[in-house]
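S.K.: If you want the building blocks of each chain, they are given just below.
Number of protein chains: 2
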Amino acid sequence: MSAATNSNLFTRPAVLRMMAVASVPGKIILLGEHGVLYGQPCLSVAIDLRVGVEMQEGSAATVNGRPLDSRRHTYIKHAIDKYWQGEPLEVVTYSKIPSASGLGSSAAITTASVACLLTLQQSFSPEEVAQRAFAVEYEVQRGGSPNDTSACTQGSAIVLAREKRDHFIWKISRKDRTWYVHSIPAPEMDIVVGVTGVKSKTPQLVKKVRRFVNYSGFARELTQDIGGWVEEGIAALAHSDFVSLGEAMTESQKILHTLGASSPELEKLIQASLRAGAYGAKLTGAGGGGSMIALTDEPEKVAIAIEKAGGKALVTSISREGTKVWV
Amino acid sequence: MSAATNSNLFTRPAVLRMMAVASVPGKIILLGEHGVLYGQPCLSVAIDLRVGVEMQEGSAATVNGRPLDSRRHTYIKHAIDKYWQGEPLEVVTYSKIPSASGLGSSAAITTASVACLLTLQQSFSPEEVAQRAFAVEYEVQRGGSPNDTSACTQGSAIVLAREKRDHFIWKISRKDRTWYVHSIPAPEMDIVVGVTGVKSKTPQLVKKVRRFVNYSGFARELTQDIGGWVEEGIAALAHSDFVSLGEAMTESQKILHTLGASSPELEKLIQASLRAGAYGAKLTGAGGGGSMIALTDEPEKVAIAIEKAGGKALVTSISREGTKVWV
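In order, the protein sequence lines correspond to chains A and B. Take 1 as the starting number for the first sequence in our numbering and just add one per residue. Take 1 as the starting number for the second sequence in our numbering and just add one per residue.
So here's chain A without its partners, still in its complex pose (with noise of 0.2 Å):
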């Protein structure tokens, strides 16, 4: 231990050094991935699966323990880095969200993050961590949309829109493009991921649908196909109309199958629990891999048949509660 630090210690006790918590939950894109590249609208969903972030002022920073690091830690680092001009600090993690499965891990630990960073200094609203949150996305992934972070943030279901619609809570904009972002009024509902274990590769499957849509016209038609389901399906969210929520999403599936988003170890999840008497199911995140979510009100027959097709089940539940900070 440096003199300094040992200095530090001695002239601020550790009793006064500062502390926050803020507890984040995962999402899922309920509807409109990929059409959301091409100014379709999107809906997702907050769910019960949940990260910790605790961020205290100490003498070394350190994430659970080991130093900070870009590599290991980029999203919290990043945070702090832009956000932070006060002691080292200790950050300890805690998360359900599986990691690399769509369920939005990063956007959940770099929401987190920011809210402590805005807490600690007394400046935290649920609009201020949504705008930094996506700052740190941003620039850490060079581009993406605030699609994730805003989720993560509001909680319940939110819609994101090329235009402002009922029930708006922010705007964000980078460059020429602004989202606008709803949060709108959802049932109870269940809905079983399938983690397919094959890691999705965002950048590239974003890719491939891109040269798809450039190329062709039928396929530019189909994201717009993709942003009337996403229109479909707020419409039964709003009467909680778990038929026609489903037929939308197993309608979308078909689409982004036809995109190539899909992929054999998907299509496997999504029939069996088809087959278990799911009102819909589909890939969720970029796909080729990752997740797939089914809507169903018999969650643990839903993941029986998901694992008897040889993924990895996750019984979630739409969590009303968005970003929470404690100090």
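What the hints contain is simulated information worked out from the structure, not anything from laboratory work. Hints should not be assumed to be uniformly reliable.
Which copy is meant is left open, because identical chains are indistinguishable; a pair holds if it fits in one copy or across any two.
[To be verified] In the PhoX-like style, the derived pairs of lysine-lysine whose C-alpha atoms are separated by at most 25 Å in a straight line are:
1. Lys77 - Lys308
2. Lys324 - Lys171
3. Lys324 - Lys308
4. Lys324 - Lys312
5. Lys254 - Lys199
6. Lys324 - Lys77
7. Lys254 - Lys308
8. Lys268 - Lys308
9. Lys312 - Lys254
10. Lys82 - Lys324
Note that this is a predicted model, so its numbers are computed, not measured.
Based on these hints, arrange chain B on the given structure of chain A.
M.R.: Structure of chain B alone, referenced to chain A:
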């Protein structure tokens, strides 16, 4: 494959094979362990970590693809032997309850198995499930109380008592003992479970406390004090008074510690939870290892405190839904 099996397959198409799925919550004892063995009441809560069991008529008796085995699948096999005379059953299990953690994993698997078997015979009812699931546990364990199987069957919060009270749902008798089970109203609540990783040796713990109680009038009084805190807890629950409920938990823990049911690992996680601001914390189940629980409305904050103190934390909520079955 034997000729007999083959002929079975031909005479009875696969599509007509009967199938049932049961979904069952885990449970925690909120207040009253050890006291309940001396006639005191006990308050338990079902939690939203669930197990699923699927049973389908097939050509061979299997569990998750392996032959049904009395050592590996003790409770499932006992339930099938006792309550099934039909075709061999192919059983698949799905569990989010860590085993041997005091969260009722074996009671939940037993309850789910019995619920499936009754559903296959069109004779499912919650009381029937509770009675028969207890019968299986009682025979396998050569004793015990119907607390866990009743909690798993009913969901929400239950009180086990030696006399009939308000909210009575069923009674269960063995030899000269009768337990009355009550389903009491309970608010939404978050409970963080801290698993020590040290296996709880329930029979040894129960014997150790019994020797103390038989030998000492002071220890007998302590078991009555546990009962007193259960009554306080029931009253607090009825008023959603988490401060008083937390106090009942923490005071019960002091008694359990005096009775010799705690352990250094449990104490460490309990103290960490209380320092992190939990309303109350105590061991759950027999003690001497196993798990502790903390009542809090800052669950991820307490979870991080538990993990920093060396435990494995599980954020759970009360589960309003008991056993559910689907065909």
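S.K.: Which of the listed hints are not met by the structure?
M.R.: none
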